[in-house]
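Novice: Residue numbers (the working numbering), protein chains in the order written: chain H, 1 to 509; chain Z, 1 to 509; chain C, 1 to 509; chain L, 1 to 509.
Hints are computed from structural coordinates only; laboratory data are not their basis.
Keep in mind the model is a prediction, meaning the values are calculated, not measured.
There could be a bad hint or two in this list.
A pair counts as met if it fits within one copy or between any two copies, since identical chains are not told apart.
To be verified - Straight-line distance between alpha carbons at most 25 Å, and here's what the computed BS3-like set of lysine-lysine pairs gives:
1) Lys488 with Lys442
2) Lys449 with Lys379
3) Lys442 with Lys379
4) Lys486 with Lys408
5) Lys442 with Lys95
6) Lys43 with Lys449
7) Lys330 with Lys239
8) Lys486 with Lys442
9) Lys310 with Lys379
10) Lys95 with Lys43
11) Lys442 with Lys43
12) Lys330 with Lys172
There are 4 protein chains.
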Amino acid sequence: MEKQIRYQIGNETECSFKNHADYCVGTGRMGLALQQQYQEQLKLVQEQIGFRHIRGHGIFCDDMAIYQEYTDESGSIRAEYNFTYLDMVMDAYQKLGIKPFLELGFMPYKMASGDQTVFYWKGNVTPPKSYEAWSGLVQAVLLHLIERYGREEVVTWPVEVWNEPNLPGFWKDADREEYFRLFQETYYAVKKTDSRFLTGGPAICGVDDVLWLEKFLEFCEAQDLKPDFITRHHYMFEKPEQCGHYSYGALRDPMTALGELKVSREIIDSFETFKGLPMHITEFNTSYSPDSPIHDTTVNAAYVAWLLSKLGDYCESYSYWTFGDIFEEKGVPFTPFHGGFGLVANGTIPKPTFWTFAFFNKLQGRCIHRSDELIVVQKDDGSYCATAWNLCLEQKECLRLYLTLPEKEEEEYCLLTKTVDEAHGNPRKIWHDMGEPSWLSKEETQILKDSAQPVIHTETFCASSCGISFSILLQPNAVVWFQLKKIKKCKDRGYDYFCGEDPAAGTGN
Amino acid sequence: MEKQIRYQIGNETECSFKNHADYCVGTGRMGLALQQQYQEQLKLVQEQIGFRHIRGHGIFCDDMAIYQEYTDESGSIRAEYNFTYLDMVMDAYQKLGIKPFLELGFMPYKMASGDQTVFYWKGNVTPPKSYEAWSGLVQAVLLHLIERYGREEVVTWPVEVWNEPNLPGFWKDADREEYFRLFQETYYAVKKTDSRFLTGGPAICGVDDVLWLEKFLEFCEAQDLKPDFITRHHYMFEKPEQCGHYSYGALRDPMTALGELKVSREIIDSFETFKGLPMHITEFNTSYSPDSPIHDTTVNAAYVAWLLSKLGDYCESYSYWTFGDIFEEKGVPFTPFHGGFGLVANGTIPKPTFWTFAFFNKLQGRCIHRSDELIVVQKDDGSYCATAWNLCLEQKECLRLYLTLPEKEEEEYCLLTKTVDEAHGNPRKIWHDMGEPSWLSKEETQILKDSAQPVIHTETFCASSCGISFSILLQPNAVVWFQLKKIKKCKDRGYDYFCGEDPAAGTGN
Amino acid sequence: MEKQIRYQIGNETECSFKNHADYCVGTGRMGLALQQQYQEQLKLVQEQIGFRHIRGHGIFCDDMAIYQEYTDESGSIRAEYNFTYLDMVMDAYQKLGIKPFLELGFMPYKMASGDQTVFYWKGNVTPPKSYEAWSGLVQAVLLHLIERYGREEVVTWPVEVWNEPNLPGFWKDADREEYFRLFQETYYAVKKTDSRFLTGGPAICGVDDVLWLEKFLEFCEAQDLKPDFITRHHYMFEKPEQCGHYSYGALRDPMTALGELKVSREIIDSFETFKGLPMHITEFNTSYSPDSPIHDTTVNAAYVAWLLSKLGDYCESYSYWTFGDIFEEKGVPFTPFHGGFGLVANGTIPKPTFWTFAFFNKLQGRCIHRSDELIVVQKDDGSYCATAWNLCLEQKECLRLYLTLPEKEEEEYCLLTKTVDEAHGNPRKIWHDMGEPSWLSKEETQILKDSAQPVIHTETFCASSCGISFSILLQPNAVVWFQLKKIKKCKDRGYDYFCGEDPAAGTGN
Amino acid sequence: MEKQIRYQIGNETECSFKNHADYCVGTGRMGLALQQQYQEQLKLVQEQIGFRHIRGHGIFCDDMAIYQEYTDESGSIRAEYNFTYLDMVMDAYQKLGIKPFLELGFMPYKMASGDQTVFYWKGNVTPPKSYEAWSGLVQAVLLHLIERYGREEVVTWPVEVWNEPNLPGFWKDADREEYFRLFQETYYAVKKTDSRFLTGGPAICGVDDVLWLEKFLEFCEAQDLKPDFITRHHYMFEKPEQCGHYSYGALRDPMTALGELKVSREIIDSFETFKGLPMHITEFNTSYSPDSPIHDTTVNAAYVAWLLSKLGDYCESYSYWTFGDIFEEKGVPFTPFHGGFGLVANGTIPKPTFWTFAFFNKLQGRCIHRSDELIVVQKDDGSYCATAWNLCLEQKECLRLYLTLPEKEEEEYCLLTKTVDEAHGNPRKIWHDMGEPSWLSKEETQILKDSAQPVIHTETFCASSCGISFSILLQPNAVVWFQLKKIKKCKDRGYDYFCGEDPAAGTGN
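Start from the sequences and build out the full structure, keeping to the hints where you can.
Specialist: Listed below in structure tokens is the structure:
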């Protein structure tokens, strides 16, 4: 069974496609950034995709050891700050060419007003005992970063206040007024350090989000606070069921799900003061649980491709949660493929969705086509570059795209495709066939890495007076990147590719 | 069109398969080993294939600068030796885990009796003015190597005297008597340094080879010389025609060609004294010209697979000429793919034949099947490992191998294949479609490297009472490696590969 | 002021010097081994020193996440094991060429009978709720290691039961009987897994050590347990005082301190059954607190040199606590130099004591002199290799060693020294003069690394009929390595080191 | 014996010091850039010094294989160009962050009008048979570079025509008129390719230089050629004597030698048309022979320091000949230290002069003192940075510099020195004492590398109302870099560098 779609490209007026796929990516808590395997995974991500910012929880958690107290000679408790690990993390980011998108949280144990925690790693989610101490911490950290990495650099790092305060698990009692106070105090602390710091919130997820967002903006307006951007999260999963170590659920209809973002956008724009304020999706993914096997699949890759083609219509960025599988929110994973959020599995093995990002980040140029399966851009040198996908949420059928591009020069063109589908660039399938080993030998790791690469294919053809026509076949949930370039023939003197054989005589070389 | 062959494997008695594919590999002249790109290519070869020895020309050529002369106070000419470059080359080999198979030649300019040279790089091919000086050089070099790398190590490096003296291009007038003298003098010089050095010759190619070999052995017998091994070369190409920078010709029928080796073997064994003496093929390839596009093709890969399955029947080793494309015998190549001898193209891009060696070098174990398309071995852990090929010299047709392996346990097995054919692991095809660029951008190099990997595929199935049956489809001139392993099921608690979907309902994941 | 000592070396009979300096080294808790900086520091240590084993706490602590529980369908609590992080740690050790000396502890939270913890990182120090569960954990871990790293390899990793149970901080109530039970259960669990595992205890420190050791051995004798070795710890510091983040105390007289080991040795030998049983010092250092500035000094280096020259007389090994400064027992350090236990400071900067180990690990050969300031060995090639030190605990005075070695050949010799003292190989001094910055710029880190190298010096002289005489000057607390080798003169034709100048005419080159 | 000089720094008006030390460095012929060891040496140079351009001979020599000819179907000889090796070399330069300073020469064998060659590697030094062919080659090469590396980048690479045509060894008969023709043809060829290419000559050495320069400028004026810069060479050695493999001579008085440059400058300025035209010294060194032991010495380092302090007064750049010892003009060197031109010896061991460049390239800032022994600059952050040297050509005496800097704040300052002298950073001395081995074991190489680092020392002191006064002691021919920085005291809570001891009580730590 094969679905067929035809596009005559180029008759369209310029398409609007805002590509912010490379703006930001999520990460497990900051303390994990000290790990060797974390850095190795991020290195691969930066080499092949190249994000500009990274955002994660826990900069103030006790494993980062920043906030400390001691008793001075007079018997008073005094704060002191430890930047040893913070520097190691930031040095690693700098070396990997990525800047933080600073999320301020959670609460240092000694500053916390309660002992409620979140996650296996026990982030304290209660308000500070003293907002003065909190502001002191925020400023001390920013000033230290400025001193170490330079003021001009550090003020380009956005600052977000806390994470998902609209959930009682992340902020005691989901106390809205208390969050607003936290936001206000933090906002002032940051701006006093340097008014150029872009500062935003409320970092909410999709629970009571309408109410929270409205109240937040009303509060800001009332208090004359001017956040530089608004943040929220966006997950595309129905409530999952737990089975053993894993969570299973259904993907939401993507168009419906996007509606929530539209609403958020409209709320912001309904405030005169905040109209047009940038909105950042500081977390998004399909499932919101780090144990959902869906994350490692090709359907995830195709679903995310669909999202990346649309999200720029609603917001300034969308940070995939997360780049890698060093992540401990529900404990340490038992197996290499375990439905973690990451683009990269432990063992530094890219998953299909890794390539969705790699493919989108290459879509730089003038967009000449955008549809539900395909984006095509034209580069300055005249060549075309595209990403296509075949998202199959229900019926699994192949998709054949018949495309005509408006090249009329009677020359030869080379079409180069990189394909990820069930049989290619899909290491989880190989791992499954191996018996789903819970640990990998060196040889197995190498096979999985090798099998995780997209397959590359080329074809050539000539333009006619109608343009260049060709087709691309996509297996169910395939994601395909292609480029079409005019061939500059360089045949070397005497070179015969067919070695003197008649190329038409057989099928081989 | 598809050819079909069925094999019921395991009823055979143990097959004889002598796998010496990893014993030795050829190289461009020693002076080229100083180059960065040479070392990079050899590094890839050693990581993925892992040869034990390396053999090439020119250790005594002037670019290696070993032999020098000066005039002493009394006005006499005296020899002195310069080991600066020799050490750099040998250090590089040591670092890469490969030992030399020392070929002694050609003649240092200052020691030469004439000025006849061979190759673009002008190796002098005339006898020494003084055999005393020659022996002095041989001994000085061996003693230096012993001093630097240790006697126990260096005596494991075989020594071969000169290269193809039966061609007038390689040895002035192809003067047989003069070569015998060279052999004798060298033999004594080497054995005096350490009698454990394995020393051999006559390193002839297939011209007048019968006569040369008989005369050589008669000479040794008469002079009471006991070479430790006999060497010859073996190319499989009809005389090529030159067209521009390139040479084209026809591949010989492989079985006929092997006949020459059989004759050589019989000649050796016909001498009572030399019966059973090891024979090393110190060079082999399809074409003997480093500008034959055939070298970069899949047909070359399949042809060499056929050869590797048979050569062990005739000789102790067979050294593919050469590991890489840093090679200057006919000048510096103009383009990345140019029909060079190498397993690796410039840009450090593996060619199809690279994988033939990688696949054969993994065939370690008990051979349970050998035919004209397939070798299967069983490993100590019970798993199977195989290489199959579909050599199509004339008609290009697909080959389907139906195989039954004697596993009877009712368990599940995983078949993992790595395939190289026209569409996979064949970077020259991509390069051709790109327009055969004479130089590569970084991006193009990366695409060619990525496209040069075999495609990996897995399947699972159960054994029945008749064994495990499955089929392998080989495109024309494909080379396929596969392993079959019993699956040790490790399903983690709650893990469902199909994420709750019915796997039978569609084609995807 | 200068002290002078003369040694006529070589008239002595062969000296007894047992050099076990490279047998084992300590580490911060196992979970820290996941960190990039930890691995970088260990890499430096292995490249320049090369220990065979590594021992640290916390393999069973919850950050390693090995022990997990879940409720099965029937509602029973069941154990499951997670080896994800264990494999990462052991893979890192394997890559760095070091084997674990397994210390089994502390108690996983879910298996613990109480909630008493030790250290900033909260290792649980209570007995298991169930010894069956404990034995199950021990066996599961060992079996997994055997499966992954090979049985023959893993049985060479010694196993020690718990850490310092004689302190109530490390083992609830310092309950001796309970520890003996733990030892017995663990011993059986280990030996059942493979009887070849060398298993020992009681890992005590110097508190009540005589009583504990006697009782432990009595218990073993009574229960017919045969530990393969006895372990204890050894620190050389008077009880320190805390001041701010730091601990200060006095070094004990080293000879007196060694007396404790002598007593331990005698206790063991007083048991007929255990006479001659190997004794391992599984931790030693000067101060036992990871915030003692003494650790980073040259006096520490000289003191440890003294120890390394003597400890082999009493025991089979002595594991310096620890190789690096990634260590969190009293929290995360605030500054690069902070008196951590490590041989290497954060920033991967070697400290003076690093070189003490590097120098001792090169003392391989026949010992021909051992005194309180100097050890000299002779190598197989006839050259001499030595380490000297000038330990100044009270009065700081220089030491000049006048040495005569028994070389009588009238040839020239080269003396090469590597010196660490106040002015050389002492990065803490540079850091102090820089103002003791709490964090380092890249440039400062590089300066400190460069300044952390020993200074190298050479001199030449001739032997006379009395041997070779020369002197070595040691600044207070210097540690000096030197070698003396006969020079093989290789002057190249025409080379004049003095470029034609009269070397005697000036002081320069 | 000690010389003493006092400088009260800062009363001077701003000193003129033009620091072009990092503009360009020389290299052995381009074909050698393919070598691994060459690239390794250049990597070290770029990491620690960081030059902007690199200039060497032989881009058109036959080992680079660029110029080729063939006979077409009509029987005509036609040119073709091979860029395989050129791209490898330029890629390596790009990777190492260095741009070529293109020297066009020598003559490809097939284009040459004669067979006169220069050097062991036989560069052909005869005029082209056809200037049309020559211009075609120049343009083809430039256009290829533009295509591969981008036009905007490539036009920043200066172009120089030939090398030392005023010597008959480098240009047949030193034929001036013929060189002028070559210059003119080349100039037009380059400018036609892109008029932005800066193009210059005549690349003369100090033989008949006055006459050549005058005639060259007259020719240019007459022909209305506008070279963008003038180039010449500058060596500081009296004619050396050869002894065995080595050349010995005397260093010229540096001030007298500089006179030649002054003359060149004046000649240029005497032409109205060319007044103020930039002059580049495209080669300089002490001896002009690559076998002069002086090159590896500290006197060379001090002499070059003197030169670097002055050369900017006369010219726009001065390219030290050469960065490394992979160099074959007089053959392949026999030993690691052999008086090669390089800043780095084979084995990648920096020589003393390496540090002269490293020290000068850090002298960025406002010059506040320049004298015959010292240059001091002040940086934007207020700190001072300086290089001092003690050039002793005759009498070898120590030099003590008493310096007062105009800091008046009553704070503490840290003086950090890096010293190279006879005993430090002088690996040749260690090698000499080892017996001058002609080849190095890995261990010896490591010792020499370690010994090749400058010794680092710090001191602190306070400013008084008269400024900060301190002294620097320089051994004969020492080169010392130092910086003086105000200390920002960061003492951590409770840290006592002296560990509780009285620092005044002894000499140690």
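Novice: Next, verify each hint and record whether it holds.
Specialist: Against the structure, the hints:
In this assembly of identical chains, the alpha carbons of Lys488 and Lys442 lie at most 25 Å apart only when taken from different copies (17 Å versus 42 Å within one copy). Taking the shortest Cα distances, Lys449 and Lys379 sit within 25 Å of each other only across copies (24 Å), while inside one copy they are farther apart (31 Å). Only between protomers do Lys442 and Lys379 lie at most 25 Å apart by alpha-carbon distance; the minimum there is 18 Å, versus 41 Å within a single protomer. Proximity of Lys486 and Lys408 under a CA criterion of 25 Å is satisfied intra-copy only: 11 Å inside one chain copy versus 56 Å between copies.
Only between protomers do Lys442 and Lys95 lie at most 25 Å apart by alpha-carbon distance; the minimum there is 12 Å, versus 27 Å within a single protomer. Taking identical chains as interchangeable, the C-alpha atoms of Lys43 and Lys449 lie at most 25 Å apart whether they share a chain (15 Å) or sit on different chains (20 Å). Taking identical chains as interchangeable, the C-alpha atoms of Lys330 and Lys239 lie at most 25 Å apart only when both belong to the same chain, with a minimum of 16 Å there against 43 Å between chains. For the identical chains of this complex, Lys486 and Lys442 are inter-copy neighbours only, at 18 Å across copies versus 42 Å inside a copy, given an alpha-carbon limit of 25 Å.
For the identical chains of this complex, Lys310 and Lys379 are intra-copy neighbours only, at 21 Å inside a copy versus 51 Å across copies, given an alpha-carbon limit of 25 Å. Taking CA atoms no more than 25 Å apart as the test, Lys95 paired with Lys43 passes in both settings, with 9 Å inside one copy and 19 Å between copies. In this assembly of identical chains, the alpha carbons of Lys442 and Lys43 lie at most 25 Å apart whether taken from the same copy (20 Å) or from different copies (19 Å). Taking the closest pair of Cα atoms, Lys330 and Lys172 come within 25 Å of each other only inside a single copy of the chain (19 Å); across copies the shortest separation is 30 Å, beyond that limit.
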